[in-house]
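Participant: In case you want the letters, here they are:
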Amino acid sequence: MTQHDYHNHHDCFHLLNSLSDYVDGELGEELCNEIERHVADCEDCRIFVDTYKKTIYLYHETTAEPEIPSDVRLRLFHRLNLKDFLENSVGEAQE
Amino acid sequence: MNQQDQTEVEFSLEALQNGDQAEFARVVATYSGYIYRLALKMLHNPQDAEDVLQDTFIKAFHALPKFQGQSKVSTWLYRIATNEALMFLRKKRPDTVSVEVPHQNDDEEASRPLQIVDWCCLPEDELVSDEAREQLDRSITQLPESLRLAFVLRDIEGLSTRETAEVLEISETAVKTRLHRARMNLRESLTAYYQGKIPESV
Ligand SMILES: [Zn+2]
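Sequence lines, in order, name chains A and B. Just so we're aligned: the first sequence equals residues 1 to 95 in the working numbering. Just so we're aligned: the second sequence equals residues 1001 to 1202 in the working numbering.
If we strip away everything but chain B, and leave its shape as in the complex, we get (with noise of 0.2 angstroms):
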């Protein structure tokens, strides 16, 4: 699931085709805290994350049959899950037209000049307070969502580039390119966050 504990649970495939209750159980618990915490992050409320969560077992579940194995289970929930809040997201608001990112503005945005301050300095306590972190977070949340989700899977998630692919159904390169634009955003909100942290900021 994660490069850190690249121990991916095996799973009967057969039993899970079969709809078999208490080896979805296991599925279930082996990844509800990563689906949690992937749609806490996209939807910044736990209420929503919440909903997500169950939407998505709940349609994995009903997939189970056509389940094929021919990604790894956690990748087709992660799927299930992106897909899940993404129409969530739609859903809350009806108005936004498109989730991918308008192209208009890549030049607009590369040609940003960008803030340079060294804020590494900071102390730790300051740069991890609790401020601090809802200041990440919402940084995340500001994110374009096609972003963001790059920006979750790799770098939250700690999915290989390969794995984001997957789950996004994208080339390799279309990840890269996301989430270094997402890297370079976030960036760019932090940095604005903790320049007013620098004392005596010239």
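Only chain A is shown next, with the shape it has when bound in the complex (with noise of 0.2 angstroms):
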């Protein structure tokens, strides 16, 4: 394993700033291209953007839908006193 210190090397330090803008697509034309020129030539760089890249990525895929458990749900519903308003399938599967 490597490490990498960024503080020493100029141009490293300036793309590893500018990295949540350009994974996120807010960066204008013109760094987007300074920031791919420098990691064809830089290794660490490149290895760091596409872990960093990865990291927002596992995120993305391990993220649950916004379901609630029926459960959980129907407390809600209880302790709001709108336990009138819940829909027959939720309210059923419980009791």
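Since the hints were made in silico from the structure, they are not lab data. There's no promise every hint is true.
Said to hold, decoys possible - Below 20 angstroms or equal to it, Euclidean Cα-Cα: the simulated DMTMM-like pairs (lysine to aspartate or glutamate) are:
no.	chain 1	residue 1	chain 2	residue 2
1	B	Lys1197	A	Asp50
2	B	Lys1072	B	Asp1137
3	A	Lys83	B	Glu1023
4	A	Lys83	B	Asp1051
5	A	Lys53	B	Glu1124
6	B	Lys1176	A	Glu26
These two chains come separately, so use the hints to put the complex back together.
Facilitator: Dropping the structure here:
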């Protein structure tokens, strides 16, 4: 395993600070090209950019649907005195 | 609510302000899943997440007469929920001084050498194994709270930078900075974890 001391590499450090915008597609074309040119020549930064992107990808990939377990939902509606408004299918599942 | 499904449901502001139960029930039905997911990511414990979920909607119900509709219902709920989550975390650890990232550590953090290991090549089933998922969740929990919130809202809930800024009541620049630091932090954690999974790592 290697470590990279980014403070001693001006170009690499510069890249690091723009990475978030780069990955989110919020960076201008010129800066994008600059990053891509740098990455082609700098193996550490290539790995860094890849693992940074992959980190975000993995979080997207493993994010569950915004679903709520039916028992949690049932208790929520009861707590809010809204049990009359529970859809039948959800209410039945529990009792 | 989400960049992918940008279909913000329409609610009657008047009905909500009058405390109309049926209308509020629609709000709860629409957003409880999102709020629960946020709470789970913030607290990493289903029981705590359920408490925050319930408290969020109780607070929201009481605040309805004052809701002016200046922000989206979702943004408004996220703001209440993030405050509830932070209060919950503080109650649990009363000794914790501040939710802000300590600034004196900024330089230290920025100058720390970064781990360079190419773990992207690992097969997908290893990257998203049950153990890896657990590690992904644990890494979020270890983030400082303010970074965690920015990350969860942007990268988990899929809010835009502007919406996140609105929820957290900070500038868009601050959102970007926190998000980047959170991602850097998580990348380091995942690198430490996946590194051990690479055969004959040198
Ligand atoms: Zn470089």
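Participant: Does each hint hold? Answer for all of them.
Facilitator: Status of each hint after checking the structure:
1. Lys1197/B <-> Asp50/A: The given pair, whose Cα atoms are some 17 angstroms apart, holds under the 20 angstroms limit.
2. Lys1072/B <-> Asp1137/B: 28 angstroms, violated
3. Lys83/A <-> Glu1023/B: 13 angstroms, holds
4. Lys83/A <-> Asp1051/B: Status holds; Cα separation ~18 angstroms.
5. Lys53/A <-> Glu1124/B: 15 angstroms, holds
6. Lys1176/B <-> Glu26/A: 11 angstroms, holds
When each numbered hint is compared with the structure, a violation occurs for hint 2 only.
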